[in-house]
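Asks: Could you build all of it, start to finish, from the sequences and the hints given here?
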Amino acid sequence: MKKVVLAGLLLSSSSVWAQSCPVSVPNDIHVNDGKVSVYEAGKPKLVIDENNNVFIDGKKLDLNAMQQQAVAAYSNGVQEFLPQMAGMADTGMALASDVMDQVSKSLGSEESFAKVQTLIKQYGEQAKAKFYNEKGEFVMPANTFENMDTQWQTEFEQAMKQLSVESMAGLFSALSNEMKNGEINLTEMQSKFSELKTNISEQVQKHSKEMAAQSNQLCTSVEGLAKEENQLQQLIPQLKDIKMFEQ
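Residue numbers (mature numbering (1 follows the signal peptide of the UniProt record, and there is no 0)): -18 to -1, 1 to 229.
Some clues are possibly wrong.
As the list claims (entries may be wrong) - No more than 25 Å apart at the CA atoms, straight line, and that leaves these computed lysine-lysine pairs for DSS-like:
(1) Lys112 to Lys41
(2) Lys27 to Lys17
(3) Lys162 to Lys87
(4) Lys27 to Lys41
(5) Lys17 to Lys222
(6) Lys103 to Lys191
(7) Lys179 to Lys97
(8) Lys42 to Lys225
Unchecked claim - Each pair of labels, with its calculated beta carbon distance range:
(9) Ala23 to Asp44: 44 to 50 Å
(10) Ile224 to Glu107: 31 to 37 Å
(11) Phe37 to Pro4: 28 to 34 Å
(12) Gln66 to Leu168: 24 to 30 Å
(13) Thr180 to Glu205: 50 to 56 Å
Simulated from the structure, these hints should not be mistaken for lab results. Glycine included, each C-beta is placed from N, C-alpha and C at the ideal position.
Replies: Written out as structure tokens, the structure reads:
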């Protein structure tokens, strides 16, 4: 049963993605209402507005048509791909919830797993909230992936332990009720438990592959943005000291 919990959180955790994608984020990146901003010391250093105008320290750059076109393509890519990091939390939460829902329905005891479902939703929302500020802006924090390997990993492990306890409690509660009602004996309970573990393992493997594919695709997209940023800096030298990504 612990595998369910591990997978549920693993699916909604971006730490796996961070370990396999060689891109770092040196500054906070804000994305909101068609605007992309790079923050330094809590203030916007670089802003690309909804009309693809570029501002550095509040001063607008005079761009030619080629530069403007390159900025537009880059800004669109950032707005498309970065928020998908937060979207992975939603996907992981949905997949973990789906696995638990199948388990509870197979036992005819959805109420036994109500707390587990609540916790999955809670942790999924907490993971997603790491990418949004109080204004509702998407924010990719500086050193995001380094923090995933340290602070976020600690939170991940604590949540995993709590979900493990609650999942086991829900499972034994459901099976115990069946025994009390004379529906199964101890041997049958053990057999059913084994069957559930096998089914869960198969579901976890399936969903893990789905998330791995999504993570790899997102990584490729962000690596592409990093390369595109280098090209943009060649076109607009003023941007060289204000980085969104580093490889």
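Asks: The structure should be examined with respect to each hint, and the outcome stated for every one.
Replies: How the hints compare with the structure:
1. Between lysine 112 and lysine 41 the alpha-carbon distance is near 30 Å, which puts this suggested pair outside the 25 Å criterion.
2. Only pairs whose Cα atoms come within 25 Å are accepted, and lysine 27 paired with lysine 17 is accepted, the gap being roughly 13 Å.
3. Using a Cα cut-off of 25 Å, the hinted pair lysine 162 and lysine 87 holds, with the two alpha carbons roughly 19 Å apart.
4. Pair hint lysine 27 plus lysine 41 holds up; C-alpha atoms about 10 Å apart against a cutoff of 25 Å.
5. At most 25 Å may separate the alpha-carbon atoms for a hinted pair to count; lysine 17 and lysine 222 meet this at roughly 20 Å.
6. About 21 Å separates the Cα atoms of lysine 103 and lysine 191, which keeps this hinted pair within 25 Å; it holds.
7. Restraint check for lysine 179 and lysine 97: satisfied, since their Cα atoms lie roughly 20 Å apart, inside the 25 Å limit.
8. Of the supplied pair hints, the one linking lysine 42 and lysine 225 holds, its CA atoms being roughly 18 Å apart against a limit of 25 Å.
9. The given range of 44 to 50 Å is broken by alanine 23 and aspartate 44, whose C-beta atoms sit roughly 26 Å from each other.
10. Checked against the given bound of 31 to 37 Å, the beta carbons of isoleucine 224 and glutamate 107, roughly 32 Å apart, stay inside it.
11. One distance hint, 28 to 34 Å for the beta-carbon pair phenylalanine 37 and proline 4, holds here, with the actual separation near 30 Å.
12. Range check, glutamine 66 to leucine 168: Cβ separation about 48 Å, and the 24 to 30 Å hint is violated.
13. Roughly 38 Å separates the CB atoms of threonine 180 and glutamate 205, a value that falls outside the hinted 50 to 56 Å.
Checked against the numbered hints above, the structure violates hints 1, 9, 12, 13; every other hint is satisfied.
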